[in-house]
Amino acid sequence: MTRWLLPAAVLAVLIALPHGLKSYGIYLLSLWAVYAMAAMGLNLTLGYAGQVSLAQAAFLGIGAYVSALLTVNGVSFWLALPLAGLVCFAVGILLGFPALRVQHHYLAFVTLGFNALVFLVLRNEEWLTGGTYGVEGIPRPSLLGLPTQSPIGFYYLSLGFLVVLSFALYALLRSPWGRAFAALRENPTRAESLGVDIRAYTLLAFAIGSGVGGLAGAFYAPLVEFIDPTPFDLGTSLALLLMVVVGGSGYFAGPFLGAALVMLLPEWLRFSESLYLLLYALLVMVLMATCPSGLLGLWAQARERLSRRRPPPPVLETRT
Amino acid sequence: MTALLQVEGLARSFGAIKAVDGVSFEVGAGEVVGLIGPNGSGKSTLFNCILGQIGPSAGQVTFEGQQITRRSPLALNRLGIGRTFQMLQVFPRLSVRDNLIVAGQEHEGRLFGRLLAPPDAGLGAAADEMLEQFRLSHVAHQAAGDCSFGQQKLLDIAMAFMTGPRLVLLDEPAGGVNPNMLGDLHALLRRLNADRRTTFVVIEHNMEFVMRLCDRVLVLAQGRILAEGTPEQVRANPAVIEAYLGD
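Chains A and B, in that order, are what the protein sequence lines are. FYI, the numbering for the first sequence is 1 to 320, going by the working numbering. FYI, the numbering for the second sequence is 1001 to 1247, going by the working numbering.
Hints are computed from structural coordinates only; laboratory data are not their basis.
Covered stretches of chain B, as calculated for chain A (at least 3 residues, CB under 8 angstroms): (1) 1067-1074; (2) 1077-1088; (3) 1091-1098; (4) 1109-1118.
As the structure is a computational prediction, the values presented were derived from the model and not from experiment. Cβ atoms here follow ideal geometry from the backbone N, Cα and C, with glycine treated the same way.
Looking at chain B on its own, in the form it has when it is part of the complex (with noise of 0.2 angstroms):
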């Protein structure tokens, strides 16, 4: 498998604490990689790192071949790499159906262009076919603000796909869901993954969502890979429960 994402070395610093210490990894095109560790082990600081939020102190990012390091959260987007964020960001004042076309619209021809181009910026149908698969499409005017939290965390995640991203990193997609809906999600990004082979690498706390999920498990632990494998072989990893557990 060629790999579409590529970590080599990569370390930030705060002051004397080292959040991430030289962490190294690759993600296949068409992989579903999840990325554990308990609270402090650095997996933010790594997504925020690899995106371009916060600059690393050491290391690269590739992407495609393409050296990214650095590289504005806005050059990335442009690159097809797609996020969501721990907490929720929607745009609260504007309807769901409004969210998911602003969330696409930059990727349709020329600033100035866009100026002239139809309100829906033409992706009225692409919105409502996303609205449909979340299953959003009761609340499509409704503001975003109103929506119920887990409304918002499916918009908030649906809003990474309208710009047909090839990578998409997700923080902690299950956070605050409703058991319920649990399922419905999981199912969701597997048909996305599959129908659109959209790679996705994944932090969650939510141990039975992200073992379901994934094909591949990366667990950190201050600031370091402690163990790689599939789900199976992370879950019986003494290593792993140590660091879960302790002592």
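Extracted from the complex, chain A is given alone in its bound form (with noise of 0.2 angstroms):
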């Protein structure tokens, strides 16, 4: 029971927070929640399964835009949204296939030359994206009868989805398939000797990371309200990573925490005017230099250190 407590409480926050909030500062938790579940979606697929992509930022893309083109025509967000996650769960298991024959840096280069296709077809297929003019009016959903036009209602609506979609996450580690993708991640070769199809495992997690990508974009999109390629290109990309890294990989809460902190800081220093974007990078790297587990791990390992200053567990005994 009270390893739920400090999720409760921090939700509690989330929920007090906006009332003392401007609408921008409002907007920003908006797409706080957005882009934690983007990258909730990349911690899964990287962090959890050991895939690397710089592919998120598509998937993000390719679900904005089928909610937007959607709902601008008349559809219910309520079928758009899955819909966006179904067609990114598909282009996703596409993507993983690559994943089979070449891995890390060369798997990198892949996904990042399908985040900059995505980004081209965007941009240039203007009959059905509306290229560098984009989709606009794209309407904001209702909940039952519950409009969502004032930024409280959708930052609700937002986070809503979140806390859905982070439990259903949460069932899905804690399942047989969390521990399929934990043994793929750190050691396939003797995965696939236990009887782990590695091949499966590898396109469900390409295919489910991108999926939560897709649903993440069905949320920017009506958040947003207008859509163009611009916000779905290789720097988002980084950023989500970005995220993903600094949170702590392959820890359930880093999207989170680094979701936050790589949105947030910017705004923080915002003080130093233009120096703030210096100040920025300046922190990530003194960030990834100390702590390249990210804040999660950092967390962990101090935790380490005290149980290791308790009495060491017993031995084992040796029969003679």
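Quick one: dock chain against chain with the hints and give me the complex.
Structure, rendered in structure tokens:
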């Protein structure tokens, strides 16, 4: 029971937080919720299954465009949302195939190429995506008759979905699938010799992570109400990767913390005016150099050091 | 005794070097067979050819009468063949108990059914029993990477048994293990052989360990079978002494 106390307290703070904020602050909170969803998907692919991906922004984009194009044409957001996830799930399976042949930085370049390809399609296929003019007038949905036009209404909708998604991914990672993803990350050769179908789990890791990215995109479109290809370029994929790594890759809460830090740090540093991006870059570099396992990795190490001060467990006795 | 594993004319070359050169042997059900030989004699390459890690240049492998040459490690595992590696191969960030569960979970139900299975995949009791047998219960919830080398070695071997294999190929199970623990390991493998009728093929450099453990020993030198027999016969064979000690 006690392990749920901290998440419940954080949720209570997140529910109360917008009441002291202006519209821009609430917009940033909603954006945090959307990026946290996308980073959760990447954390599954990268942090739990060990498959490098620099294409999460592409899935955020595909999900956003699927949602936007459907809802501006009168389709309900509640139908567009699962469709966005399903389209990205299917495309994610295709992106997973190169991962069966190449790994690490080679895979990073394959996924990077995919992100560039999606960006070019979004920019050049004007008949479908509106090209650089984008898609405007994206409606915000209503839930059980309650509109979400107001910043606070949409924030609560995004937060609610983030909670539901978190429970679903938590259940997935606690299931035998989660353990198989970890085995795939840590030692695929051994995993295969134990009967883990590394081909199926690699494809699933990409597909699920990409599908979650698509769901995040479906929320991104009505949040900003106008989309063009710019927010879905490689820079955003790198920012999402930074969120996962800074928070703690392979830690469930990593994306929440990472998304908050990566998004809010530039805002907090605005007091330094033109120097804020320079300071931001320096802080990120110092953070990564001092704690490469991310903030939650640092926390885990501190806890481990504390527990080592306790008496060690009994050593293995030997029989003669 | 019916042959569980049959290896016929297996060969593997790396360029001009013949690592395995036409090796043939049989292993009967329930047997414990040792595979020894000097460094570079081709033992690990032979294992890897049998287990689908590398494709042989020639020859064939049969398990329970079924042709398994060039089958993937995954397919061989599903058929009931387990293995351990020369180097430690555990999942360091998973707990010791989770290492055992993941070693057995893929044999329960279907892929999509496992998504809805309980977190321990119904293998909690089996994992606890294995922990007890291998005397690892006190580190069950510790990350495998934080355990001592000896504990990881025991875990590595225990994982191979979670799938209920009929044949297990052990690559240097005694390598790096504290001499005080070798007696335990020997007793454990013998008990698994007796209780579960598991057949073993064991590569080992520790002569005392392999001679005590095995019913029959094959000696490999320069990729070929040099001698074969009971431990006593092999120990007394002049060709084997020559291969090990040289001129």
